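**Student:** Chain residues, written in single-letter form:
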Amino acid sequence: MIAAKPILEAQGLTKHFRTGGAVSQRVVKALQDASFQLYPGKVTALVGESGSGKSTTARLLARLYEPTAGQIIYAGRDTVEDKGRSKLLKYRSEVQMIFQDPFSSLNPVHSISYHLKRPLQIHRKAQGRQMTEKVHDLLHTVALTPPADYTPKYPHQLSGGQRQRVAIARALAVEPKVILADEPISMLDVSIRMGILNLMAKLRDEQNLAFLYVTHDLASARYFADETMVMYAGHIVESGGSEELTQDPQHPYTQLLLSAVPDPARGLRTQETEIAGEVPSLSEVGEGCPFAARCPHVMSRCREAMPPVTRLSETRWVRCYLFDEA
Amino acid sequence: MRFILRRLGFYLIALLVSVTLNFMIPRLMSGDPVQLMFARFQGRMDPRAIESLYETFGFVQGPLHEQYFTYLSHLLQGDLGVSIANFPIPVTEVIAVGLGWTLRLVGLATVIAFSAGIFLGIRAAWRRGRFADSVILPITGLLSAFPYFWLAMLVLYFFALGLGWFPLGHAYSLDIHQDWSSPEYLSSVLHHMILPATTIVLTAIGGWMLGMRNNMISVLSEDYITMAQAKGLSDRRVMYTYAARNAILPSLTGFAMSLGFVLGGALLTEIVFSYPGVGYTLLTAVNTRDYPLMQGVFLMITVAVLVANLLADTMYVLLDPRVRAA
Amino acid sequence: QDDGIPRGGIVTVSHEAFSVVLRNFSPFAPTQNPASQAFIYEPLMVWNEVDGEIIPWLATGFVWSDDLLTLTFNIREGVMWNDGETFDANDVLYTMNLTREFPALDRGAVWAFLDSVELLDDYTIQFNLGEVYSLADVLIAQTRPVPEHIWSELDDPVTFVDDDPVATGPFSVVCRLEDQVFELCANPLYWQEGRPYVDAIRYPAYPGNEQSTLALINGDIDWGGHFIPDVETTYAAADPDNFNFYYWPGGATVNLYMNTTKAPYDDVAFRRAVSQAIDYNAVVNIGMYGYTIPSDPTGLGPRFEGWASQEALERAAELGLNEYAPSAAAATLDEAGYLDVNGDGFRELPNGDPMSMNVQVVNGWTDWVTSVQIISQNLQDIGVNAQVVTPEFGEWLNNLQTGDYDISIGWSSSGYTPWNYYRDSLDSSLLGADNIANATSWSRWFSDDADALLAAFTATADPDEQFQVLSDLQMLFVENVPLVPLFPGPTWYQWNTQQFTGFPTADNYYTQGSPWSRDSNSRLLVAVNIHCIDDTACGQE
Amino acid sequence: MTQPMPTFDQARTDAEPLLSVRDLVVEYHTQRGLVRAADHVSFDLHRNEVFGLAGESGCGKSTVAHAITRILKPPAHIAGGQVLFDEVDVLKLNDDQLRDIRWRRISIVFQSAMNALSPVLTVGTQIADALQAHENGTAQMTRRQVLDRARELLDLVGIDPDRVNSYPHQLSGGMRQRVVIAIALALNPELIVMDEPTTALDVVVQKQIMDQIRELRNQFGFSILFISHDLSLMVEFSDRVGIMYAGELVEVAPSQAIFNDPQHPYTVRLMNSFPTLSGPRVELFGIPGSPPDLITPPPGCRFHPRCDVALAGRCQTERPGLQPIGARHMAACHLLDDKIVNKEDAS
Amino acid sequence: MSTVEQPQTAVQPAGATAAPQRAFPRLPLPNWLRSILGNRKAAIGLVILSFFVFVAVFAPLIAPTQNPNRMVARPVQAPSAEYILGTTRQGQDVFVQIVHGTQVSMAVGFTTGTVVMAIAIIIGITAGYIGGIFDELLSLAMNIVLIIPALPLIIVVAGFIDRPGPLTIVVVLSLISWAYGARVLRAQTLTLRNSDFVAAARVVGEPTWRIVLFEILPNMTSLVVSSWIGAVLYAILTQASLEFIGLGDPNISSWGTILYWAQNNAALLTNAWWTFIPPGVCIALVGFSLTLINYGIDEITNPRLRREPKVKAA
Ligand SMILES: Nc1ncnc2c1ncn2[C@@H]1O[C@H](COP(=O)(O)OP(=O)(O)OP(=O)(O)O)[C@@H](O)[C@H]1O
Ligand SMILES: Nc1ncnc2c1ncn2[C@@H]1O[C@H](COP(=O)(O)OP(=O)(O)OP(=O)(O)O)[C@@H](O)[C@H]1O
Ligand SMILES: [Mg+2]
Ligand SMILES: [Mg+2]
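Protein chains in written order, with the working numbering: chain A, 163 to 488; chain B, 13 to 338; chain C, 55 to 595; chain D, 353 to 699; chain E, 109 to 422.
Simulated from the structure, these hints should not be mistaken for lab results.
What follows is a set of in silico ranges between Cβ atoms, one per label pair, in the way DEER data are often shown:
| hint | chain 1 | residue 1 | chain 2 | residue 2 | range |
| --- | --- | --- | --- | --- | --- |
| 1 | B | V319 | A | R188 | 29 to 37 Å |
| 2 | C | S381 | E | P172 | 25 to 33 Å |
| 3 | C | G106 | B | V319 | 55 to 63 Å |
| 4 | C | T140 | B | Q89 | 36 to 44 Å |
| 5 | E | L145 | A | S197 | 57 to 65 Å |
| 6 | B | M327 | E | R182 | 54 to 62 Å |
| 7 | E | L145 | A | R247 | 36 to 44 Å |
| 8 | A | D486 | B | M327 | 55 to 63 Å |
| 9 | D | P657 | A | A310 | 18 to 26 Å |
| 10 | E | G240 | A | S348 | 27 to 35 Å |
| 11 | B | D191 | E | G240 | 53 to 61 Å |
So the derived list for chain D, only partly shown, Cβ under 7 Å to chain A, looks like this:
| hint | residue |
| --- | --- |
| 12 | D554 |
| 13 | L585 |
| 14 | E588 |
| 15 | L622 |
| 16 | T628 |
| 17 | L629 |
| 18 | G638 |
Being a predicted model, the structure only gives us computed values, none of them experimental.
Glycine included, each C-beta is placed from N, C-alpha and C at the ideal position.
Okay, chain A solo, but in the shape it has when bound (with noise of 0.2 Å):
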């Protein structure tokens, strides 16, 4: 699992959104010093609560937003000093991302053909005769078959699960190497979200894709992906393969999160874990460790400073002073 080398790298990558007017601002810290990487052929999943900085990671990634700080390393070399747009044109022909609802991420007007056009246009990848041979090409991977009757249609034609593949199909048109999904699946009904996952395992598998699956449901990431990271109020607490830490999680935010998944092969209503306290606000987080405040283990220096990274195995490390051996 290590022998590949990253091929996406975040290094202390941290966000910052001021938000409010001139007169009173407030400082959102939706990120803080996040690391880790991406690999290709590797599915990375990011898990956390509503609001903890999941999408805001993906974003990053994506080059939506500007980083307050930290680094965004590319193939080895660090493109957040990429800037204009010719630079991030060639960041993004190898970084895509697919966005959590299908319904607003394809435009109402236009069509599913246009769609897919302007990547292949932008990124010079086809030309004339051959564009429409590559967009049958790109919905034939995504199984939307027989192209020619999507082409012409509007995103409300189509189901929320076709959406989604059409999304899809536009990320792989620019043959990126890094796909960044932002809960791909969450807005799909339950039917259909299984085809969605096992076609991006496919696409992992055949090019190998490296991905970011950013998700709310653990179950899924377990399912999905090959690491999974979990995310706490803007920090990532607790990082390792997925079965080792959906099976046997150690940072308490990770156990707490994983007892409150309703899970019915698990057995019916064993689960008694007493859950208090809310998400803290991101514009209140102080120095300290933000899950402190509902820690049913928490310690007087858990308040102060962020816990290190301790690293546990190869591949797994959590961020919690219960593992601090100092």
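Mind docking chains B, C, D and E with the ligands on chain A? Use the hints.
**Tutor:** Showing chains B, C, D and E with the ligands alone in chain A's frame:
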């Protein structure tokens, strides 16, 4: 309260801008008021007299910024200068007479139009396709498409000149002495207000009604309305406390914005119904290039609109708890 | 009083547009309520425009010295200010000195020719002129004295807002002043025995003609003075017995001015052709609703009939001036070389350059706008490319004064004699150093002959001599056509005899009837003459 | 949360059902045509039971819930069937009778609490409104008493009672949902219809709320019609589950049976559509295709276009009815006819 | 400056496809006319409007004249076979004036509406899309222009321009009336800017100008159209008012000036109704047709506003 403070800040800026605009406009206009006045006497005034008039009128020479600051400092002292056309009466006095009448008439008519429009809008949305919705709504729509003055004149000729039900003009019967404590005078004022106010109401009501109806229809499909109904609340309670309270909010902003419009539009009412007021004063001031008066009226109208907006904002804050916290 | 004249009643007057009442009755206010010019502060003498007589009022008469350099006025005795103080020559002297000290108050511009004023006794005052100026008497006679005992106490008479006037006039008591109406009540101390007959004059606010017309038709107004379209059908027909109107065509002549500093207006032949091209009857009947008559070529009008020079009129007829004769006009242009050489339907300048012109008229002055529309249509008919433009008043005036126009309709001056008409249009001294054409010298047509004649007129008080000078001026005028007289300005005047009588009528037009004329105070004659038709009509309150 | 919940088996199975839905048909009149969002839906709900209704988005779950509480609005229209609540047909009640049972006997918790609370009224007012609208139920309560009761209710759902004066926007999503539940509890109803009460919430909050509901049910013993598309939660929380597909109820069974032994091909595939946290990691497939357009539903069995075991001919033309296939287990599928026969044979 | 932004009724997501699902209003041009005509109100409005557009376009053919204000006949004739709408006090043919007036009034209305919308689009979208301090300033400007009383300002500015006429009116109205549209468009742009499809377009590498023109703008079609119609209506009414109070060019034949002259000639007092009634009715009809079209657009984009189909008794 932060909301109100912000708005206050905005009004201050708006005031400054309009004051500046006010200062600039006469300096861009052609036509010298003293020359014009002289011309009106058809050449019988001695040039020496004109010279000294320039001085008396207080035409400040000198660099523009100096003039501007003199203007501002005069304004701060409540000194709007002396009306040229009504020399030597101070502008404030010229305006004072008209402003009261304009505010009374327009204020009353606007409040009536607004309340009636809101009320009818509520009814129309509540009972779709019934009388208010299918008969009154199109009629008010048609009425608001009529040129105001045209409708007003027809009304005047028909009801005042033809049928003699209403007076032909003026704000009160000239046979009654102006005395705000006399019921006879008050009823005369009301009687004289009926026609002009009705025409304003007739042409304005359609907009409010349609806006309110549409907002109301949107609100009615909200879950909280269904929930209120499911709770078994009376129709009245649901309609007013739950639906209308929410639906009125957008109209309220519109209401504030429309005041400037209505105050300005009062000009036509004043002309058609020989009603006293600032609108006509403004028109005369422009025609005679009575700059101080023109500036004064314009400033007064602007201030009145700003104050009305502030009131509407306050209302807004009272009605919408969400902005209170913001 | 047992003169049999019923007393009482409130006469309702409509005059110029105003929408709210303002409290100022100062006789010096640059834009006064016409009321205050006559009914409150009275003049020394009243000039009756209709017969040209000067009627003794606060002064009983005046005498010129033989050298025409001093003028002595006798002030009436027994006149009281409405606060009970006595009025005498001291007040006149005070007023004269006030206007000298504050030029802004010198509305009659008397200090242009006056040297000094001195008191001979309490009821005699002498005016010393710097040079001979034979029109000084009328101008001084119109001075309206203010009470020294009040005005001398003021800080600044120029900005004095006179809301409770102390004056001598028949209606000098401001007994009601509200937002939309003011009333001037009869002065109980008035010097004319038993006058005025009515209790008060009421001025309601009417923002425009439309509104006063409605009120007139409704019988709300007793005495009106404004334009009404189709007055017979709209107004008079509503109550033929009582709703009367008479539009005396004695106002100052309205002219067509041409910018004679530019081609083709510098060419007298062109100007003559314009004079021949206009359909004066259409202008008067359509533009002016038939409320006036076409002007004669000298521009003097019926009021100055006595001054008319037959010689000049004959010459004008010879030249075909002021006659609607399109073919003659065309011929004149042909002859002068204005031909349509390029065949576009419009004539070119004799040198072949295209010729087109804007005819200016003030926006909103609809009677004039229509007149100008007719005129431009007339000019187009003879192949002159004329278009109507309607700048706002300010720009229009500015254009005329700076000479930035082609042709324009415009007013002229009227006065006690026709001299003012010619002086204000032709006197070269009116062209200011800054090239501003003052008064009505907008045609910018000047000549030494004209200047000399104008000076000669005021240098003598001899009627025959003056007549001769004026004849020469008329001849000069028709020969050169510096401007084209269109029609004498009608004076709008309506009266309602449902309640009041005593107004000038068409048959007995004893003086100018309009309640608001700027030129004279003759409405004072009407005001002291109006009375109820009978004791019941005015419903004594 | 000490006592385990009494399961359905321990409940009074023999008693008359509290709610009995019979052949409910609901239609929406739209510009595009008639949408039959509930087509002959029948099920029973017993006292003290949690009955779950699951299915894909748009299959008609909310429609059924709203029909039962009679809060459907135009263009919806109840085209047939009966909703017997305590043996009274709710669909036949007039406005007054309806008002009488509403909230006092049946209350409802909406899908999204954000939208179920008016943003401009305080939480207290909205609770008080429910109390005061039913004077006969809550007697003549004074303003004070009403507010006290509101505070009590908030306390019950684990919210600081001082929040009565808060506005909805001042509360977090979870708190708002609790407020809505508190309002639903206000008059001690016998049945609470819960239409996806936690869908908009995070798992942790969802867990808190579901625990709370469970505890309250222990305390007050009301029945719940529980609607969700989250099958895990559904199975965990409900006693019995009904699976809906395209406006039809295709299978009804105790939740364990649905989870362990689904019978209808749709249920089978649905159960194979979501990954679980525990247990082996098996490959999941989902269901190919998408739910049908209800304006032009497929003839015969509505699931047949997506069904890989559909019988040629019969499934395309003949509509299967809901049939018992085991103890308290019903399903609507032609394939199961054999099973029924088999079972009958066996017995 | 964040004032309270209100949802615009015109932009509510249309539930035309499936109600519980989120869908954006879709108004691609090919269907544009069809959906308008499918709505009864809009269709009636469109028919009335087309009539006037037809009259305006073919005015020279319908009533050939060199100058519609030429005095051609005996004054104040009642409508007759020769003069369908009679003549004015000046002997002008009212029918000819109205026909040519249609041209002027409609031209002013539509030009102004278009200029206003152009300004509103540029300012609204820039403010909404670029955001930051730029947005703060532009929003401030919008709110100020909105709050400053329009008609007085128009009168003052019209006075300042001096030479009145249709062009002046277009310029003045455009300068003053853009703010409302800009505000609405800004709010909508803000929403759209944060939408996923814009983010997706950026990720794909679309340049900013293309995002604004091809991704955002087409999604605001209905909003732009209804604001445009609103602006046209406002321009036509305001033009008439300005001309009526004498701030127009009396030589031009437009509905407002015909009314101005009728008023000056005391048309109602002399019973010359044919000079006063027809222009007013024309304005009202055009105004009403525009209002109807806007109702229609509202209903098309927000299906909730539609009259629901009649439900047959069960
Ligand atoms: N453009 C922005 N401006 C200001 N704050 C933002 C912005 N985008 C996100 N935030 C804030 O940053 C925090 C993290 O947001 P983010 O969208 O990354 O969360 P998330 O984990 O993806 O949540 P969800 O599951 O709801 O999508 C939130 O508090 C959010 O309010
Ligand atoms: N107001 C409406 N007008 C027209 N059709 C409607 C309306 N409301 C719902 N429908 C249709 O009725 C069907 C059932 O809708 P319903 O809301 O009951 O589904 P649901 O199962 O509750 O879905 P979800 O899980 O998304 O809440 C859907 O196909 C929908 O298209
Ligand atoms: Mg997210
Ligand atoms: Mg639902």
